[in-house]
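**Q** Chain residues, written in single-letter form:
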Amino acid sequence: MYSKKIVIRYTPDIVQQPIICQLVKQYDLVFNILKARIFPRREGVIVLELNGLKENFDNGINFLKKMGLQVEPLSKSVSQNIDKCVHCGACTAFCPTGALSFEKQTQKVLFDPEKCNGCEICVSACPVRAMEINLL
Amino acid sequence: MKKYKVKKTFHEINEKIKEGRAVVVTAEEMIDVVEKSGDVEAARKIDVVTTGTFSPMCSSGAFLNIGHTSPRIRASRVWLNDVPAYGGIAAVDCYIGATEVVEGDPLNSVYPGEFHYGGGHVIEDLVSGNVIKLRAEGYGTDCYPARKFEKNITINDLRNAILFNPRNAYQNYNCAVNLSDTTIYTYMGMLRPRMANANYSTSGQLSPLFNDPYYRTIGVGTRIFLGGAQGFVAWPGTQHNPNAYRGANGVPKEGAGTLAVVGNLKEMTPEWLAGASILGYGVSLYVGIGIPIPILNEEMARFTAVKDENIYTQVYDYSMDYPKGLSKPLAEVSYKDLRSGTIVIDGKKVITAPLSSYYKARQIANILKEWIEGGKFILGEPQQTLPSVEI
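Here the protein sequences line up with chains A and B, keeping their order.
Heads up, the first sequence stops at 136 in this note's numbering, and the numbers go up one at a time, no gaps.
Heads up, the second sequence stops at 391 in this note's numbering, and the numbers go up one at a time, no gaps.
Please keep in mind that the hints were generated in silico from the structure rather than gathered at the bench.
Here the structure is a predicted model, which is why all the values come from computation and not from measurement.
Any given hint could be a false lead.
Keeping only pairs whose Cα atoms sit at most 25 Å apart, straight-line, the calculated SDA-like set for lysine to any residue is [to be verified]:
id	chain 1	residue 1	chain 2	residue 2
1	B	Lys133	B	Lys148
2	A	Lys115	B	Ile351
3	B	Lys2	B	Lys45
4	A	Lys84	B	Gly280
5	A	Lys84	B	Glu114
6	B	Lys349	B	Glu332
7	A	Lys108	B	Asp337
8	A	Lys84	A	Ile121
9	A	Lys104	B	Asp308
10	A	Lys108	B	Glu370
Work the whole structure out from these sequences, hints included.
**A** Structure representation (C-alpha cells):
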C-alpha cells in the first residue's frame, strides 16, 4: 500500500466538475480530505491523503494532471524557514500530527513534512513566523 | 559572616581568565560536576559557570540618537518604518520600545490580530543592517527650525544606538493555561480551551537568575552576554521582587528577580535579537542573555548545580484568574515536567510548550564559556548587588 498527502489546485473553469470521485471509481484509491477551499475568484485547492497501490496512485495522479489540475506533494507547500526559526518550540504543542517536534539531544525543533497535514496552526503559533505554508 | 572552605575573589578569577587558566563550565555541565565531586571540590575546581536564556522579553527597547540634521530639527515625534518611537527625550534622541505596534495596524479589531511588525522588528532590522525609513516631526524653534525630516537610514547612520531593557531575564515565570471553552490569545501564546495546552517561558536550569537565586554575584556592573555582544546589568529590573515565595534550595517558585540590562546595539546581531509577533496579543522582542557566575565559594557551586527537577513554577488560568488580577495558582509544576512535554493538572494530562528557546539558551552559555576561556571576556564585579533577602 502506498500513501501520500497531495495538494491539488483547480482553475475556475474546472472547479465545478466532479473529478476526485473518479480516483475511487477508476483507480481504486481511498481518499481523506484534509482541507478544501474555493476562493472568491472560484479557483480551488484541496489537500488530500491518498491510499492505494503505487501503480494506481501514479495513474490517478496522471489522470488529475490530464484533467488540467496542478498536483504536488503537500511537503512542497509547507516549510520551516531555518534562518528564522529560533527553536523555541511554541509550535510543538499545537501540531496535531507530530510533524513538528523537539530533537531530544539538541533541543532543536525539527519539521517532518511527510507527517504534516497542512492545517496551518503552526503559522499562527510561531512568534517569528518561521513556518511558511503556501496552499494557493 | 559565613565560614566557607573555599574562598575566591572576582580579582583572582579574572587573573586566571587573563592567563587563560580559568576553568569554565555551563550550568548544565555544573550539575554533573557537583554531583560527582561535591560542592567543596567543585568550588575548588570550577571558576565560572555560564548561563543563558533566549525568550520574548517585553520591557525592551533602544535609545537612538539620529544625529543633528541640517537645518536642525527638534524631533518631537519620531517613526522608524512607521513604528512610533518616543521623542520626548532631547532634540534628536528617541526610544524605540519593543512592544510598540506599527501605525495603522488593525490591532485586535480583526481578532485575533496578527501584529506583523513593531518595535521588536525595528530593532531586529537595525541589527540586521536593513534600511529603515526614519521620519521625524518638530514644531520649529529658533534654534531648531526644521519641522519635518525624512531619510532612509541603516544602523550605521545613527550616531548612537544603545539597547536598554528595563526588565529582562525574569527569575521564573508563570505557566499559563486556559480553563474556558474558547481559545484565548495571550502574551504567553495561544491557549486552547479546557486546558488543552500549557505554555511556559524560561530556560530552567540554564536560566541566569535560577543559578544565583539570592543575587550574590550579580548586580550593577555585572558584564553579560547581551544580544550577541558584551553588555552590562544596569540596575535591578522593574518589578524586581526578592521577597517571592522560595523553595528550600532558595529558588523562587514564582516570578521574582529581574534585571535592567544595557549594551551597544551596534555590536549586536539578529541571531540574538529577533522581533516576535504574538497572535492576538502584540509584538515583542526575543532577547538572548547570558550571565557568567563566579564560583566564589562552595555555596555558589551548590546554587549553580540546580537542576530542572528542583525548580518549580505556578500554573495560572489566563482566561479568568490572571486577567482579573486574582493570583490563585491551579498547581505547582517542576521544569523537569514542563520540559518533558506533558504535565498533569487535576488528573488531566496537558501538553506543554515553551516560548523560550532552550537550544539558543544552551548556545549562549557555550559562547560565553568560549569567550571566557579565550580571555575575551572579563568578569565585571558588581558595584552594588541587587536587593535580596536573607536565607
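**Q** With reference to the structure, classify each hint as holding or not holding.
**A** Evaluated hints:
1. B:Lys133 <-> B:Lys148: 13 Å, holds
2. A:Lys115 <-> B:Ile351: 19 Å, holds
3. B:Lys2 <-> B:Lys45: 21 Å, holds
4. A:Lys84 <-> B:Gly280: 21 Å, holds
5. A:Lys84 <-> B:Glu114: 17 Å, holds
6. B:Lys349 <-> B:Glu332: 14 Å, holds
7. A:Lys108 <-> B:Asp337: 18 Å, holds
8. A:Lys84 <-> A:Ile121: 17 Å, holds
9. A:Lys104 <-> B:Asp308: 15 Å, holds
10. A:Lys108 <-> B:Glu370: Holds, at roughly 21 Å.
The structure fails none of the hints (numbered hints given earlier).
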